[in-house]
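Asker: Here are the chains, one letter per residue:
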Amino acid sequence: MWEYTEKVKDFFLHPKNVGEIEHPDAVGEVGSMLCGDALKLTLKIDKKTGRIIDARFQTFGCASAIASSSVLTELIKGKTLDEALELTNQDIAEYLGGLPKEKMHCSVMGREALEAAITNYRGETRPVEREEKVICKCFEVSEEKIRRVALENHLSTVEEITNYTKAGGGCGSCIPAIEAILKDIWSVKPECEAPKAHRKMTNLQRIALIQDVIEKEIRPRLQTDGGDIELIDVDGKRVIVSLRAMCVACPMSDVTVKGIEDKLRELVSEDLVVEAE
Amino acid sequence: MKPIYLDNNATTAVAPEVFEEMRPYLQEFYGNPSSMHTFGGQLYRKIEEAREKVAALIGAVPEEIIFTSCGTESDNTALMSAIESYPAKRHVITTRVEHPAVLNFCKHLARKGYRVTFLPVDSLGRLDMDAFSRAVDDDTAVVSVMYANNETGVVFPVREMGEVLRERKILFHTDAVQAVGKIPIDTRTLPVDMLSLSGHKVHAPKGVGVLYVRKGTRFYPYIIGGHQERGRRAGTENVASLIALGKACELAGSAFRGEVDYMGRLRDKLEKALLQCCPDVRVNGDTEHRLPNTANISFEYVEGEAILLRMDEYGICASSGSACTSGSLEPSHVLRTMGVSFTAIHGSIRFSLSRYTSDAEIDRVIEVMPGIIKELRGLSPYGRIKMVSG
Numbered sequence: 001m002w003e004y005t006e007k008v009k010d011f012f013l014h015p016k017n018v019g020e021i022e023h024p025d026a027v028g029e030v031g032s033m034l035c036g037d038a039l040k041l042t043l044k045i046d047k048k049t050g051r052i053i054d055a056r057f058q059t060f061g062c063a064s065a066i067a068s069s070s071v072l073t074e075l076i077k078g079k080t081l082d083e084a085l086e087l088t089n090q091d092i093a094e095y096l097g098g099l100p101k102e103k104m105h106c107s108v109m110g111r112e113a114l115e116a117a118i119t120n121y122r123g124e125t126r127p128v129e130r131e132e133k134v135i136c137k138c139f140e141v142s143e144e145k146i147r148r149v150a151l152e153n154h155l156s157t158v159e160e161i162t163n164y165t166k167a168g169g170g171c172g173s174c175i176p177a178i179e180a181i182l183k184d185i186w187s188v189k190p191e192c193e194a195p196k197a198h199r200k201m202t203n204l205q206r207i208a209l210i211q212d213v214i215e216k217e218i219r220p221r222l223q224t225d226g227g228d229i230e231l232i233d234v235d236g237k238r239v240i241v242s243l244r245a246m247c248v249a250c251p252m253s254d255v256t257v258k259g260i261e262d263k264l265r266e267l268v269s270e271d272l273v274v275e276a277e
Numbered sequence: 001m002k003p004i005y006l007d008n009n010a011t012t013a014v015a016p017e018v019f020e021e022m023r024p025y026l027q028e029f030y031g032n033p034s035s036m037h038t039f040g041g042q043l044y045r046k047i048e049e050a051r052e053k054v055a056a057l058i059g060a061v062p063e064e065i066i067f068t069s070c071g072t073e074s075d076n077t078a079l080m081s082a083i084e085s086y087p088a089k090r091h092v093i094t095t096r097v098e099h100p101a102v103l104n105f106c107k108h109l110a111r112k113g114y115r116v117t118f119l120p121v122d123s124l125g126r127l128d129m130d131a132f133s134r135a136v137d138d139d140t141a142v143v144s145v146m147y148a149n150n151e152t153g154v155v156f157p158v159r160e161m162g163e164v165l166r167e168r169k170i171l172f173h174t175d176a177v178q179a180v181g182k183i184p185i186d187t188r189t190l191p192v193d194m195l196s197l198s199g200h201k202v203h204a205p206k207g208v209g210v211l212y213v214r215k216g217t218r219f220y221p222y223i224i225g226g227h228q229e230r231g232r233r234a235g236t237e238n239v240a241s242l243i244a245l246g247k248a249c250e251l252a253g254s255a256f257r258g259e260v261d262y263m264g265r266l267r268d269k270l271e272k273a274l275l276q277c278c279p280d281v282r283v284n285g286d287t288e289h290r291l292p293n294t295a296n297i298s299f300e301y302v303e304g305e306a307i308l309l310r311m312d313e314y315g316i317c318a319s320s321g322s323a324c325t326s327g328s329l330e331p332s333h334v335l336r337t338m339g340v341s342f343t344a345i346h347g348s349i350r351f352s353l354s355r356y357t358s359d360a361e362i363d364r365v366i367e368v369m370p371g372i373i374k375e376l377r378g379l380s381p382y383g384r385i386k387m388v389s390g
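If you read the protein sequences in the order shown, they are chains A and B. Note that my numbering has the first sequence beginning at 1, numbered continuously upward. Note that my numbering has the second sequence beginning at 1, numbered continuously upward.
Hints listed in this document are in silico derivations from the structure and should not be mistaken for laboratory results. Careful, some of the hints might be misleading.
[Stated by the list, open to error] Computed footprint of chain A on chain B; a stretch qualifies when at least three of its residues, placed anywhere within it, have a C-beta under 8 Å from a C-beta of chain A:
| id | region |
| --- | --- |
| 1 | 305-317 |
| 2 | 374-380 |
[To be verified] Keeping only pairs whose Cα atoms sit at most 30 Å apart, straight-line, the calculated DSS-like set for lysine-lysine is:
| id | chain 1 | residue 1 | chain 2 | residue 2 |
| --- | --- | --- | --- | --- |
| 3 | B | Lys89 | A | Lys7 |
| 4 | B | Lys112 | A | Lys137 |
| 5 | B | Lys112 | A | Lys7 |
| 6 | B | Lys89 | B | Lys107 |
| 7 | A | Lys237 | A | Lys258 |
| 8 | A | Lys101 | B | Lys107 |
| 9 | A | Lys216 | A | Lys183 |
| 10 | A | Lys183 | A | Lys258 |
| 11 | A | Lys77 | B | Lys374 |
| 12 | A | Lys44 | B | Lys374 |
| 13 | A | Lys216 | B | Lys107 |
| 14 | A | Lys9 | B | Lys2 |
| 15 | B | Lys112 | A | Lys216 |
| 16 | A | Lys16 | B | Lys112 |
| 17 | A | Lys79 | A | Lys16 |
| 18 | A | Lys48 | A | Lys7 |
| 19 | A | Lys77 | A | Lys7 |
| 20 | A | Lys9 | B | Lys374 |
| 21 | B | Lys206 | A | Lys137 |
| 22 | B | Lys112 | A | Lys258 |
A quick note: this is a predicted structure, and the numbers were derived from the prediction, not measured. Ideal Cβ positions, reconstructed from N, Cα and C, are used throughout, including at glycine.
The shape of chain A in the complex, shown without the other chains:
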């Protein structure tokens, strides 16, 4: 069973602002019944002040989707459109006292509906989803959405992307594509990380960093393929590792070792040589 906060339960059992505004000034529809959740947001907007006078929602989805939608309407009422647009999915989740991490996509859906409604009101043509590059075909998630949500929420793993957007949670065939996007996002960004590879370190610091990179960057990726790795020793520039589990008999293990070396050279020191035991 999901661990929902009292606030989520309350907004689910007694949702506020349910329904559809007659003759709305703005309509935002996101999701689909096929995907398991969908939200239709209707807004009444004061044309002079640009303030949202009323907001109502209709949601098909689980408890957290209904609660997130209801909170969204509460949070945007009385705000100007520009103020409303500053609302993030984290704001929705925080208002609810947090959401289970697998349910974060519900808060993202709320934020998307708001954006869609405001775009609709302003008469801008929203980039049509169909013209965008769809990465996850199961849940129709575009590359643009994955990039945006990853940046806004500081997501760096496929699992996190799935929790926030559902992408990759169906057949799983798009997981390599998501990995590539994440790699692309997070390898350009860190100007602060780049010098890492060149800075002076004590031996102990270097070993600790190698350990850290193996634990956080390398191991999780091997484990998704049923493999595993253990750091055996660091002897000067030589990093001796032992490949475990599915990696043991894997014909691609040479490639894996090379990949580990590249990663360690990138993040720790350019002169490292990785050897598998």
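Given chain A, work out where chain B should sit, using these hints.
Answerer: Just chain B, lined up with the frame of chain A:
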């Protein structure tokens, strides 16, 4: 508030008689049945009595009963034993709608290089027997097919399949975890070589299961260690739970017919009422060949988790095939294989009854469900459209 528990395919209440029977073995009689002293050694006799009772329920002889820790262990053991016993054979047949205990084990075998055939089912959840006939070949080491499906309750033609396989001398295992205690099973006439059952589905506690292995069947142990279970399943016996399972099987056997009819009557009453009182409701699965205690019902335009949590407010327990109730984003593999539309899967609710379900409880569910569905459809953008036009 005492819950209205309609989730008996997930687990069942321990019967009061069963608890009374096992209690002394959790307290004063804590010995090890393998010990030489009377204090421990006397428990051996009690375990054998439990074995006899389990055997009696399914028409087996005691030597054919191996106690395990759960249904999953029984399933894994059966498949592993078959593979080890016939190392030259590299083909395994199962279905797409198995419990994960079999399904994921077979996927594991596929990754290990085995050829695995996953048989499809039709829109009513009935097994494709033509596909079965085509799949069987001389390379087949074992066929593993569930007796009854945990989600829909649909019962498979295990006897028919067993007859084909017996003729071809191919090992046949059935996961009867959901079937035992709900439909008559007699291994004297049922052509299966191995059969799994689980304690906590038949009013015994969690943590005990059984693998039936027909006399003369090649067997290879899965858990290797001590001499327990005649060397076929090592590990100190879970004495109290084994005794409990014996008692639970005795109870199931003694009141069998009456209980089955009772559960069937209540289930039919619930199903009929729900189909009548809400629009856009459908039953999933073959109602002709089905467990008497299970009803899998789809409420279109609403999502299963939301339904369950609203039911929870009334203390009503059930389960759903919706994606949101699983750990993953994938909705029920069983309903998807049947080709049930996604909208219906998301709104699917499984009600599963037991001998302890009362008429009053069913009446209460019939009373509150229409309100829950109507309210959630009122929140849904689809429900409203549909309700206006319908």
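Asker: Next step is simple, just say for each hint if it's right about the structure.
Answerer: Checked hints:
Interface restraint, the region 305-317 of chain B with chain A: holds (5 residues with C-beta to C-beta distance below 8 Å; minimum three). Counting residues of the region 374-380 of chain B whose beta carbon lies closer than 8 Å to any beta carbon of chain A gives 3, which reaches the threshold of three, so the coverage claim holds. Between the alpha carbons of B:Lys89 and A:Lys7 the distance comes to roughly 57 Å, so the proposed pair goes past 30 Å and is violated. Among the hinted pairs, B:Lys112 with A:Lys137 is consistent with the structure: their alpha-carbon atoms are about 29 Å apart, no more than 30 Å.
Our distance criterion of 30 Å between C-alpha atoms is broken by B:Lys112 and A:Lys7, whose separation comes to about 47 Å. Straight-line distance between C-alpha atoms of B:Lys89 and B:Lys107 comes to about 17 Å, which keeps the hinted pair within the 30 Å bound. Pair hint A:Lys237 plus A:Lys258 holds up; C-alpha atoms about 15 Å apart against a cutoff of 30 Å. Pair hint A:Lys101 plus B:Lys107 holds up; C-alpha atoms about 28 Å apart against a cutoff of 30 Å.
At roughly 14 Å between alpha-carbon atoms, A:Lys216 and A:Lys183 fall within 30 Å of each other, so this suggested pair holds. Of the supplied pair hints, the one linking A:Lys183 and A:Lys258 holds, its CA atoms being roughly 17 Å apart against a limit of 30 Å. With a C-alpha separation of about 27 Å, the suggested pair A:Lys77 and B:Lys374 falls inside the 30 Å cut-off, and the hint holds. For the hint pairing A:Lys44 with B:Lys374, the CA-to-CA distance comes to about 26 Å; that is within 30 Å, so the pair holds.
Note on A:Lys216 and B:Lys107: the hinted pairing holds, with a Cα-Cα distance of about 29 Å set against a maximum of 30 Å. The hinted pair formed by A:Lys9 and B:Lys2 meets the criterion: a straight-line CA distance of about 21 Å does not exceed 30 Å. A distance of roughly 29 Å separates the Cα atoms of B:Lys112 and A:Lys216; the hinted pair therefore holds under the 30 Å criterion. With a CA separation close to 53 Å, the supplied pair A:Lys16 and B:Lys112 exceeds the 30 Å bound.
A C-alpha spacing of about 17 Å is found between A:Lys79 and A:Lys16, which places the hinted pair at or below 30 Å, so the restraint holds. Annotation: proposed proximity of A:Lys48 to A:Lys7 is violated, straight-line Cα distance about 35 Å (limit 30 Å). At roughly 19 Å between alpha-carbon atoms, A:Lys77 and A:Lys7 fall within 30 Å of each other, so this suggested pair holds. Of the pairs offered as hints, the one joining A:Lys9 and B:Lys374 holds, with about 19 Å between alpha carbons and a cut-off of 30 Å not exceeded.
Distance restraint check for B:Lys206 and A:Lys137: the Cα-Cα separation of roughly 40 Å exceeds the 30 Å cut-off, and the hinted pair is therefore not satisfied. Restraint check: the Cα-Cα separation between B:Lys112 and A:Lys258 comes to about 26 Å, which is no more than 30 Å; the hinted pair holds.
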